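Listed here are the chains, written in short residue letters.
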Amino acid sequence: GQQVQQSPASLVLQEGENAELQCNFSTSLNSMQWFYQRPGGSLVSLFYNPSGTKQSGRLTSTTVIKERRSSLHISSSQTTDSGTYLCATMTNSAGNKLTFGIGTRVLVRP
Amino acid sequence: NAGVIQTPRHKVTGKGQEATLWCEPISGHSAVFWYRQTIVQGLEFLTYFRNQAPIDDSGMPKERFSAQMPNQSHSTLKIQSTQPQDSAVYLCASSLDGADTQYFGPGTRLLVL
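Which chain is which? The protein sequence lines are A and B, in order.
Under the numbering used here, the residue at position 109 of the first sequence is numbered 109, and the numbers go up by one with no gaps.
In the numbering used here, each residue's number is its place in the second sequence (first place is 1) plus 110.
The set of hints was computed from the structure by calculation and includes no laboratory data.
You may find that some hints are simply not true.
[Claimed, not checked] Simulated DEER-style distance windows between Cβ atoms: (1) P118/B / R109/A: 32 to 38 Å; (2) Q55/A / G126/B: 48 to 54 Å; (3) R68/A / E128/B: 40 to 46 Å; (4) T148/B / G57/A: 30 to 36 Å; (5) P110/A / K188/B: 20 to 26 Å.
[Stated by the list, open to error] As a list, the in silico DMTMM-like pairs of lysine to aspartate or glutamate whose alpha-carbon atoms are at most 25 Å apart: (6) K188/B / E173/B; (7) K66/A / D210/B; (8) K54/A / D81/A; (9) K125/B / D207/B; (10) K54/A / D210/B; (11) K54/A / D207/B; (12) K121/B / D207/B; (13) K125/B / D196/B; (14) K188/B / D166/B.
[Unchecked claim] If you want the footprint, here are the derived chain B segments under chain A, 3+ residues with CB under 8 Å: (15) 130-141; (16) 165-176; (17) 206-219.
Source: prediction; values computed, not measured.
Just so it is clear, CB atoms sit at the ideal spot from N, CA and C, and this is done for glycine as well.
Go ahead and model the full structure; you've got the sequences and the hints to work with.
In structure tokens, the structure reads:
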């Protein structure tokens, strides 16, 4: 089945720094979704991005299907960006369920 | 738009008791998904309904777990004879047609003592 690998596992940033989070998947997919989660909080959908590049504020998601990877770029990080970022894939072979990576834990220091 | 609603937010049960978790999807969404999140396993798919019909329950433990969607406005996940290893956050998500963006509820944190 689909396997989703995220890197790095954790990241510490100084406020204002940029960061790039990676998501690699083992089989071709129908869609890619990025989520944000605070400790004890719910999953907030950031991007639904099956291919190409999408931007929302300081966040940019790029998915390259042929290379089986997706990235999430955070520019000018802020302390409020601290939390866990999860990517999830949906594939034909897996039906419509999402297969999640383990997440990247981000800490932004003031 | 109230988002996906899940109740209760927290539930504590004794080993062997039954737990029923409720989910109200976003109005107009035809697909409902259940997932489970633990520190050890991360996020795992449990089951999926579309237009109230069960489509995929490949992630559901074969014993003690069942899910229903009696009408378009709510779904339930029932765990019989709860065990400590059932302790987790149970998340419900809905999407417009099943193949697009999934929106998650706040989850129900289940603790089995």
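**Prompt:** Does D207/B lie within 25 Å of K125/B when you go C-alpha to C-alpha?
**Reply:** Given that 25 Å is the threshold and the Cα spacing comes to 37 Å, the pair is violated.
**Asked** Is the hinted pair K66/A and D210/B satisfied, with a Cα-Cα distance of at most 25 Å?
**Response** Distance ~21 Å between K66/A and D210/B Cα, so the pair holds.
**Item:** Given pair status - D207/B, K121/B, alpha carbons within 25 Å
**Value:** violated, 30 Å
**Request:** Could you check the hint for me, namely that P118/B and R109/A are 32 to 38 Å apart, CB to CB?
**Result:** holds, 36 Å
**Request:** Mind taking a look at whether chain A covers the region 165-176 of chain B? Criterion is 3 or more residues with CB to CB distance under 8 Å.
**Result:** holds (count 4)
**Request:** Starting from K188/B, check that the Cα of E173/B is at most 25 Å away, please.
**Result:** Given pair K188/B, E173/B holds - Cα atoms ~11 Å apart, limit 25 Å.
**Message:** Tell me if the beta carbons of P110/A and K188/B are separated by a distance inside 20 to 26 Å.
**Reply:** violated, 46 Å
**Request:** Could you see if the CB distance from R68/A to E128/B stays within 40 to 46 Å?
**Result:** holds, 43 Å
**Asked** Quick one: are Q55/A and G126/B within 48 to 54 Å, going by C-beta?
**Response** Given a distance of about 51 Å, which is inside 48 to 54 Å, the answer is holds.
**Prompt:** Taking only the CA atoms, is the gap from K188/B to D166/B under or equal to 25 Å?
**Reply:** With a Cα-Cα distance of about 16 Å, the restraint between K188/B and D166/B holds, given a limit of 25 Å.
**Prompt:** Are the Cα atoms of K54/A and D210/B separated by 25 Å or less?
**Reply:** holds, 16 Å
**Message:** Cut-off 8 Å, C-beta pairs, minimum 3 residues; does the coverage of the region 130-141 of chain B by chain A stand?
**Reply:** violated (count 1)
Hint compliance for this structure: hints 5, 9, 12 and 15 are not met, and every other hint is.
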